[in-house]
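No gaps in the numbering here: position 104 of the sequence shown is 320 in this note's numbering, and each next residue is one more.
In short, the hints are calculated from the structure, not lab data. Check the hints yourself; a few may be wrong.
What the hints assert, rightly or not - Derived BS3-like pairs (lysine-lysine); straight-line CA-CA distance at most 25 Å:
1) LYS228 / LYS270
2) LYS228 / LYS242
3) LYS228 / LYS274
4) LYS268 / LYS228
5) LYS348 / LYS378
6) LYS270 / LYS235
7) LYS235 / LYS271
8) LYS228 / LYS271
9) LYS274 / LYS242
From a predicted model like this one, the values you see are computed outputs, not experimental measurements.
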Amino acid sequence: MDQQYPSQLLEKAVSEFSKLPGIGRKTALRLVLHLLRQSDEDVSNFAQAIDKMKKEVKYCRICHNISDTDICPICADSHRDTSTVCVVENVQDVMAVENTQQYHGLYHVLGGIISPMDGIGPNDIEIDSLVKRVEQGGIHEVILALSSTMEGDTTNFYISRKLEHTGVQLSVIARGISVGDELEYTDEVTLGRSILNRTLFTK
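Between the sequences and the hints, there should be enough to build the whole structure, so can you do that?
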């Protein structure tokens with residue numbers, strides 16, 4: 217039986233919160249009731265933060281990482297190794313690799329991986345911009361740090377074919393990460409060792 221709500225406004229708020237990933241209607245109701253107990257200022261700050269993020273957040277024009285500016289802090293950091301680019305699926309993976317403190321190069325965020333079952337092809341993710349970056353010169357190694365799933369391996373293979381003519385060194389993170397594991401859920405020690413112990417990519 218559907219939950220009965222004493223207020224349509226409450227029900228609408230619960231419906232919106234339950235659209236978030238991993239949030240069921242019971243959890244959504246708890247969150248909404250929590251907000252109702254907060255001060256007007258706190259709720260206003262909460263709403264403004266989300267609204268401001270949605271309107272003003274940018275994607276780095278070089279690596280496609282989330283940023284407050286046109287070029288993200290990592291790409292703008294003169295102390296980073298600009299000859300090495302780590303290719304990841306999403307922003308969470310950038311954060312995961314950064315947390316290991318074992319990698320000091322640049323990134324390239326694909327925004328997804330090739331997955332025909334989900335209707336995602338090579339043209340739906342940032343592969344062409346990666347090829348252009350490498351073709352511009354100065355990059356000596358591309359590290360493929362995608363999840364060790366069939367879709368990740370397919371994407372690795374496709375990228376290797378697209379970069380073949382550039383002569384850039386291709387490597388993959390060591391398989392200390394279990395096959396089928398998502399990168400963002402891997403512990404920092406294992407992920408850090410996988411970056412340090414990367415191996416040359418072979419088709």
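Against the structure, the hints come out as follows:
1. LYS228 / LYS270: It holds: about 21 Å lies between the C-alpha atoms, which stays within 25 Å.
2. LYS228 / LYS242: holds (14 Å)
3. LYS228 / LYS274: violated (29 Å)
4. LYS268 / LYS228: Roughly 22 Å between the alpha carbons, so the hint for LYS268 and LYS228 holds.
5. LYS348 / LYS378: Holds: LYS348 and LYS378 sit about 10 Å apart, inside 25 Å.
6. LYS270 / LYS235: holds (16 Å)
7. LYS235 / LYS271: Between LYS235 and LYS271 the Cα gap is close to 20 Å, so the pair holds against 25 Å.
8. LYS228 / LYS271: Status holds; Cα separation ~23 Å.
9. LYS274 / LYS242: violated (33 Å)
In terms of the numbered hints stated before, the structure departs from hints 3, 9, listed from lowest to highest.
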